[in-house]
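*Asks:* The residues making up each chain are set out below.
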Amino acid sequence: MDNEQWAFGLTMMVVGMGGTFLTLWVLGLVMDLLKKIFPLVDKDGKQS
Amino acid sequence: MLESMQTGLYGLTAGVNYLFTQGGPNVIMLLIAATLLYLGVKKGVEPLLLVPIGFGCMLVNIPLSDLMESGGLLRTLYDMGISNELFPLLIFVGIGAMIDFGALLENPKMLLFGAAGQFGIFLTLLLALALGFPALEAVSIAIIGACDGPTAIYVASQYAPQLLAPISVAAYSYMALVPIIQPPIMRALTTPRERIIRMAPIKKTVSPQTKLLFPIVVTLVTGLLAPKGLPLMGTIMLGNFMRECAVVTRLQKASENEIANIVTLFLGLAIGGTMEGHAFLKPTTLMIFGMGFVAICMDTVAGVLFGKLVCKLTGGKVNPLIGAAGISAFPMAARVVQAQGQIYDKKNHLLMHAAGVNTGGQIGSVVAAAVMLSVLKGMGLI
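Chains as they are written, first to last, in the working numbering: chain A, 505 to 552; chain B, 774 to 1155.
Calculated directly from the structure, the hints in this document are not laboratory data.
Beta carbons are placed, not taken as given, at the ideal position from N, Cα and C, and that holds for glycine.
Watch out, some of these pointers could steer you wrong.
Some chain B residues near chain A, calculated using beta-carbon distances under 7 Å [stated by the list, open to error]: (1) 878; (2) 884; (3) 891; (4) 895; (5) 908; (6) 978; (7) 983; (8) 986; (9) 1087; (10) 1148.
To spell it out: a stretch of chain A is covered by chain B in this simulated footprint if at least three of its residues, at any positions, have a beta carbon under 8 Å from a beta carbon of chain B; those stretches are [to be verified]: (11) 507 to 513; (12) 517 to 524; (13) 528 to 539.
Bound-form chain A, shown alone (with noise of 0.2 Å):
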């Protein structure tokens, strides 16, 4: 493997896998947002 196909080979590791933890985790953050928006409500008007 040439040095061209490292440096694209471990670019693509790096920021790939970097960037879907980075996108999963911003993900995580603003479903936790949504539920503290629009916490579940029970019958009695309790959140839960």
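Once you have looked at the hints, place chain B on chain A.
*Replies:* Structure of chain B alone, referenced to chain A:
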């Protein structure tokens, strides 16, 4: 008149003649088609896919049938929905309509397991490059590690159509083999004490509004971060939005039943149509199957190791086995985790936690593909 009869007779024997003179690869592929049909029908291995793929493979390897030539049945199906990526995307609408993301929404941090479960993709990419595959072919092969058939087909049909057949067959075969591939890795990487960790029951905390907004928010966030993958995420979330909004039940049901069934049939036949012997039987095919296996093993290794890390960080509150469900392959991987957990403690119910991780893996695999495509776009390679 005799001459006319002779030429007519030649038309009847040309196929057999071809088979005996230059049809060796076709004969092998007919045997492979028979194996695929046997696995699908008798062994129940992904029958919805393997039956049409096996039959399509048989059709295209009957000499001189011209089914994959311009205007032929299989070529028409291929042009209709594979070369333009329509079929995998329509299947994604159905998958989105089927999946309940409730378990994931109960604990959104489970999404990180879905990220860890994609590690095999990137490792396999390096392996494919080391073996001499060009960049776009390496990416298409690596995506087998997403353990997600439609995603693999979507990427391969765009960037390595010449490898579509082995990639899609490998992707679906390994997805079916998840219950065989994963357990030894799970056992090897965990201690008996870790395997019997019981996790706290999941409380219902997600409101209908959150479930309704989830697909819209996921589409917006992933679309902004990785726009090249928007067709994948957009279609899966469209299906899920139809499910959660509950006002288009007919469309939801059609997406997860009629449309998904018809598209699965066409998709399988068209993929089978790409398995013509002379094109399929190459050393690269074996290499792709080997790398696909490595990808799924490494996904599982990374998922379980991430589970062990989370187990340590939470003071033993998380059973590392659930990490194996981060590989997508929904819902099979979650069932594998539940079954493995119950081998060591019959009263240990990991299914809901594993289902959360598994739906996170479903999103994770699409995000990984989307990120890869966007990075490729950023690098000017596509």
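*Asks:* Which earlier hints turn out false for this structure, listed by number in ascending order?
*Replies:* 9
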